[in-house]
Amino acid sequence: MKHLQTLSHTLKVAGFSTFLLFGLNACSNSHNDSLQEPQAKGAFVVIEEVAPKKYKIKEEFPANETRIILKELNGTEHVLTKEEMDKLIKQEAAKIENNSSNLTNPNAQIENGGLSLGEAILASAAGAIIGSWIGNKLFNNPAYQKHRQTAYKSPSAYYKSVESFKKGKVSTTKRSGFFSSKSTKKSGFFGKFGG
Amino acid sequence: MKLLQVKPLSKEYLVKIGFLWHSDIDGSNYIADELVVLSKQEAKAFEDAANELYDMFVEAGDFIIENNLFHEIGIPFNLVDLIKKSWESDVHWHLYGRFDFAGGIDGAPIKLLEFNADTPTALFESAILQWAIVKENNLQESAQFNFIYEALLDNFKRIVTLSEDTSNFEELYEGWNFLFSSIKGNIKEENTTRFLEYIAKNAGFNTNFAYIDEVEFDEEGIYYQDKKYELWFKLIPWEDIAIDEPDLAVLLTSIVNNQEAIIFNPAYTLMFQSKAFLKVLWDLFPNHPLLLETSFEPLNKMQVRKPIFGREGGDVAILNERGEVLEEKKDVYGSLKMVYQEYVPLPGDERGNFYQAGVFYAYEACGVGFRRGGKIIDNMSKFVGHIIE
Numbered sequence: 001m002k003h004l005q006t007l008s009h010t011l012k013v014a015g016f017s018t019f020l021l022f023g024l025n026a027c028s029n030s031h032n033d034s035l036q037e038p039q040a041k042g043a044f045v046v047i048e049e050v051a052p053k054k055y056k057i058k059e060e061f062p063a064n065e066t067r068i069i070l071k072e073l074n075g076t077e078h079v080l081t082k083e084e085m086d087k088l089i090k091q092e093a094a095k096i097e098n099n100s101s102n103l104t105n106p107n108a109q110i111e112n113g114g115l116s117l118g119e120a121i122l123a124s125a126a127g128a129i130i131g132s133w134i135g136n137k138l139f140n141n142p143a144y145q146k147h148r149q150t151a152y153k154s155p156s157a158y159y160k161s162v163e164s165f166k167k168g169k170v171s172t173t174k175r176s177g178f179f180s181s182k183s184t185k186k187s188g189f190f191g192k193f194g195g
Numbered sequence: 001m002k003l004l005q006v007k008p009l010s011k012e013y014l015v016k017i018g019f020l021w022h023s024d025i026d027g028s029n030y031i032a033d034e035l036v037v038l039s040k041q042e043a044k045a046f047e048d049a050a051n052e053l054y055d056m057f058v059e060a061g062d063f064i065i066e067n068n069l070f071h072e073i074g075i076p077f078n079l080v081d082l083i084k085k086s087w088e089s090d091v092h093w094h095l096y097g098r099f100d101f102a103g104g105i106d107g108a109p110i111k112l113l114e115f116n117a118d119t120p121t122a123l124f125e126s127a128i129l130q131w132a133i134v135k136e137n138n139l140q141e142s143a144q145f146n147f148i149y150e151a152l153l154d155n156f157k158r159i160v161t162l163s164e165d166t167s168n169f170e171e172l173y174e175g176w177n178f179l180f181s182s183i184k185g186n187i188k189e190e191n192t193t194r195f196l197e198y199i200a201k202n203a204g205f206n207t208n209f210a211y212i213d214e215v216e217f218d219e220e221g222i223y224y225q226d227k228k229y230e231l232w233f234k235l236i237p238w239e240d241i242a243i244d245e246p247d248l249a250v251l252l253t254s255i256v257n258n259q260e261a262i263i264f265n266p267a268y269t270l271m272f273q274s275k276a277f278l279k280v281l282w283d284l285f286p287n288h289p290l291l292l293e294t295s296f297e298p299l300n301k302m303q304v305r306k307p308i309f310g311r312e313g314g315d316v317a318i319l320n321e322r323g324e325v326l327e328e329k330k331d332v333y334g335s336l337k338m339v340y341q342e343y344v345p346l347p348g349d350e351r352g353n354f355y356q357a358g359v360f361y362a363y364e365a366c367g368v369g370f371r372r373g374g375k376i377i378d379n380m381s382k383f384v385g386h387i388i389e
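Quick note, the sequences are listed as chains H and W, same order. Note that the first sequence covers residues 1 to 195 in this note's numbering. Note that the second sequence covers residues 1 to 389 in this note's numbering.
There may be inaccurate statements among the hints.
Said to hold, decoys possible - Within a straight-line C-alpha distance of at most 27 Å, the following computed DSSO-like cross-link-like pairs (lysine-lysine) qualify: (1) 174(H) to 375(W); (2) 84(W) to 174(H); (3) 174(H) to 7(W); (4) 375(W) to 329(W).
These are computed hints drawn from the structure, not numbers from a lab.
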């Protein structure tokens with residue numbers, strides 16, 4: 001019978017001996033750490049220059065603060081300042097207004113060449129966040145939806161991005177409070193659930 | 001039967017390690033200051049019995065699914081789809097259960113009383129406290145049939161590896177979050193749940209705990225404080241979800257169908273938990289030495305009448321061969337469907353106490369502990385550890 005074990009053996013099992021010493025408290029500290037990751041309000045975006053002045057979105061994921069890292073052809077990387085972002089978005093907004101933006105032009109061919117920097121930013125999640133004042137003009141435009149996908153360096157980067165933002169999404173139809181009446185009613189040491 | 005007097009664990013120590021239900025409502029100690037002394041053969045027989053029975057439960061489960069016997073074993077209609085779905089795929093891995101046995105001591109044959117497959121407690125006592133007693137009493141050189149902690153640690157990893165071998169867990173685990181839930185206000189259940197969380201964390205999972213009423217659900221998943229959980233353990237009986245919170249049953253069915261989360265123990269464990277399942281087992285394995293005759297009609301012999309989803313001995317009655325009640329524990333389950341199971345006495349000591357063995361099963365039989373009480377083991381019973389001579 002392989003399972004007849006002496007105490008000295010069992011104490012070697014990681015976690016078990018800790019438990020005998022500290023019990024459930026041994027893990028309770030971590031509860032605070034894992035309690036909650038604040039809901040992401042921004043996006044962390046990496047944009048890569050794929051040809052001179054042509055850009056694609058390399059990757060992006062939810063973050064608390066919106067940051068855009070630009071990787072240039074010569075290999076240097078830098079973080080766009082808020083002023084730079086605002087300026088680029090303003091320029092793009094003007095192009096959308098007068099219908100000269102590649103993002104809203106259904107006939108634009110951008111699959112291979114990449115976008116301008118401003119277009120790439122707007123196509124990214126960061127664009128959706130900081131450029132939200134552009135409003136429906138951009139986001140309800142079918143051409144934008146199509147080009148947004150091709151603005152990513154690889155299909156998997158797009159898919160990953162959509163998925164990670166979906167996960168952070170707060171649904172308004174969530175239900176909670178199940179068994180709350182039972183929770184207040186039950187107060188003794190012994191419930192009936194144990195079997 | 002042989003008992004060994006031991007020095008009990010102090011209440012201070014029990015509180016320190018998080019075991020807060022050390023005393024019963026009447027103030028008596030919940031953990032006995034004695035150990036049941038088993039022979040190696042007796043311990044081995046408990047292990048073999050649980051392993052053999054689990055295979056029989058799986059076979060009978062297939063039979064129930066194939067023949068649509070859900071109504072016969074009392075499964076609420078709003079869980080049938082979820083049970084079928086959970087039975088189809090290995091990802092709905094059974095984490096652990098506890099077989100309750102009569103016999104097994106002093107030459108009495110082991111007989112299955114029931115299988116707590118969905119929400120078994122007495123886990124903390126069996127896994128941790130009976131070892132702690134042995135240590136406290138300097139009995140280190142003795143042995144126990146108890147590797148519950150290790151077996152659960154491995155079985156948590158199997159949720160990801162889906163095979164006996166757990167060595168590639170780190171490689172396959174993609175950081176899925178694991179939430180553990182119990183009802184607010186029940187310290188016994190909360191501690192069992194937190195203990196399981198502790199083991200899962202040691203296995204390598206990202207874990208958290210939340211009371212059931214604080215957990216959020218929609219068709220796309222299970223959330224706590226806006227974080228999504230792909231894995232959810234609930235120490236809440238499936239039949240309570242079906243009957244008390246039918247909306248939750250609908251939501252959980254969608255969540256599982258949409259593959260948004262996996263729920264433990266899986267819904268099919270409710271089949272195992274139903275006492276009516278014991279009748280199906282008897283039909284499929286008539287006169288099997290580990291089984292007691294079980295019927296939906298009264299038997300013409302000493303028998304025990306049990307509600308199909310009762311807990312802790314509630315509304316269990318001992319009847320004579322004419323069906324007259326000799327002893328009964330009144331509770332809230334009286335309106336449920338009943339089964340009649342052949343009566344066998346539990347092993348007893350000289351003071352008139354009776355002992356019921358609880359054998360834990362987590363992929364394999366992994367440990368035994370005892371409950372001591374009257375002829376019907378109820379929620380005032382005591383926990384008694386064991387030692388192997």
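Hint check results:
no. : hint             : verdict
1   : 174(H) to 375(W) : 47 Å, violated
2   : 84(W) to 174(H)  : 25 Å, holds
3   : 174(H) to 7(W)   : 51 Å, violated
4   : 375(W) to 329(W) : 10 Å, holds
Of the numbered hints listed earlier, those contradicted by the structure are 1 and 3.
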